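Asks: Using the sequences and the hints given, assemble the complete structure.
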Amino acid sequence: MQNDVTSPQKRVECPHCHRELPRGKDAGRCPLCHASLPIEEEGRPDTIDVNNKQVAARSSEEYSQNYQKDQAAATYNVKYRACWTKRMTTRREHSLLDRLLRSQGRSKVLLDLPCGGGRLSSPMAPHTDLLIEADVALGQLRYLREHGRVSTEQAWMLASGFQIPLCDASVDGTVCVRLTHHLPKEAERQRLVRELLRVSKRFVIVTFFDYHSVKNTLRRLSRPFNRKSPKSTMRVEELRRLAEECGARLVEYPALSLMWSGHRYALMVKDKA
Numbered sequence: 002m003q004n005d006v007t008s009p010q011k012r013v014e015c016p017h018c019h020r021e022l023p024r025g026k027d028a029g030r031c032p033l034c035h036a037s038l039p040i041e042e043e044g045r046p047d048t049i050d051v052n053n054k055q056v057a058a059r060s061s062e063e064y065s066q067n068y069q070k071d072q073a074a075a076t077y078n079v080k081y082r083a084c085w086t087k088r089m090t091t092r093r094e095h096s097l098l099d100r101l102l103r104s105q106g107r108s109k110v111l112l113d114l115p116c117g118g119g120r121l122s123s124p125m126a127p128h129t130d131l132l133i134e135a136d137v138a139l140g141q142l143r144y145l146r147e148h149g150r151v152s153t154e155q156a157w158m159l160a161s162g163f164q165i166p167l168c169d170a171s172v173d174g175t176v177c178v179r180l181t182h183h184l185p186k187e188a189e190r191q192r193l194v195r196e197l198l199r200v201s202k203r204f205v206i207v208t209f210f211d212y213h214s215v216k217n218t219l220r221r222l223s224r225p226f227n228r229k230s231p232k233s234t235m236r237v238e239e240l241r242r243l244a245e246e247c248g249a250r251l252v253e254y255p256a257l258s259l260m261w262s263g264h265r266y267a268l269m270v271k272d273k274a
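Plus 1 on top of the position in the sequence shown (first one is 1) and you've got the working numbering.
The hints are simulated quantities; they were obtained by calculation from the structure and are not laboratory data. This structure is a prediction, so every number in the text was calculated from the model and none was measured. Among these hints, one or two may not hold up.
Said to hold, decoys possible - No more than 25 Å apart at the CA atoms, straight line, and that leaves these computed lysine to any residue pairs for SDA-like:
(1) K229 / T86
(2) K87 / L257
(3) K216 / A73
(4) K202 / V270
(5) K186 / T218
(6) K229 / R241
(7) K216 / E238
(8) K232 / E189
(9) K229 / T218
(10) K87 / L259
(11) K271 / D99
(12) K271 / R100
(13) K216 / K229
(14) K186 / L257
(15) K216 / W261
Replies: Below you can see the structure in the form of structure tokens.
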């Protein structure tokens, strides 16, 4: 990339020993523990190391196995365009995300994790000089590179949200949409939020399935009859506490839909030093 200021190579560290990684031709490999970091920049056809599974293994096993194959990734992304209800949801999410990002001003670097096939790349792109697209699934990254290009400079990185290979406060903000509700354990969800706040200098936008939402309340009340498994939920109070522990404030948490969705977009803003 030509813009050295926003190059992700200046922001990466080894996710295993936390040593700053070198630049140039040796970028992406730790000289201390020899771990390999898969990262791609536009105009640099570096090979993503699909055999480096140590980072991905830190995520919930069931989640990390989803959408690894290209065909599965394509099917997942196409359904959002084919189904009218999902198209409506996507438009609502675009509007909500655009408003929250505008409230934080322009960024030099934003991290989109998990980026999936780029469903939310277009509303994020106008708010940053560089958009780092990261996902645990190689198939999603390949789909994004082919179908999700935007005018803003992009970098692609195979990474888990549990151990993001970036230095502390190395990006202005991180957007994490529709991941927490895939994680069945409370400790995993909390660990993810802390890791997002660690790499973010100014703010984090993360979605969660609200325990007190109408949709989840109805699900809990009907469970004795239909025996559906409980959702992986979080509470507003939990997000507020996690934010405060990491030097941030939970500013707002608008609902995607008060009646038809249990998802909320939590905006956490870090206190200025």
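Asks: Run every hint past the structure and note whether it holds.
Replies: Verification of the hints:
1. K229 / T86: Judged against 25 Å, a Cα distance of about 22 Å means the pair holds.
2. K87 / L257: holds, 12 Å
3. K216 / A73: violated, 28 Å
4. K202 / V270: holds, 9 Å
5. K186 / T218: Satisfied, since the Cα-Cα distance of roughly 19 Å is no more than 25 Å.
6. K229 / R241: violated, 29 Å
7. K216 / E238: The hint holds at about 19 Å.
8. K232 / E189: holds, 14 Å
9. K229 / T218: holds, 13 Å
10. K87 / L259: holds, 16 Å
11. K271 / D99: holds, 19 Å
12. K271 / R100: Holds, at about 18 Å.
13. K216 / K229: Distance ~13 Å between K216 and K229 Cα, so the pair holds.
14. K186 / L257: holds, 23 Å
15. K216 / W261: holds, 7 Å
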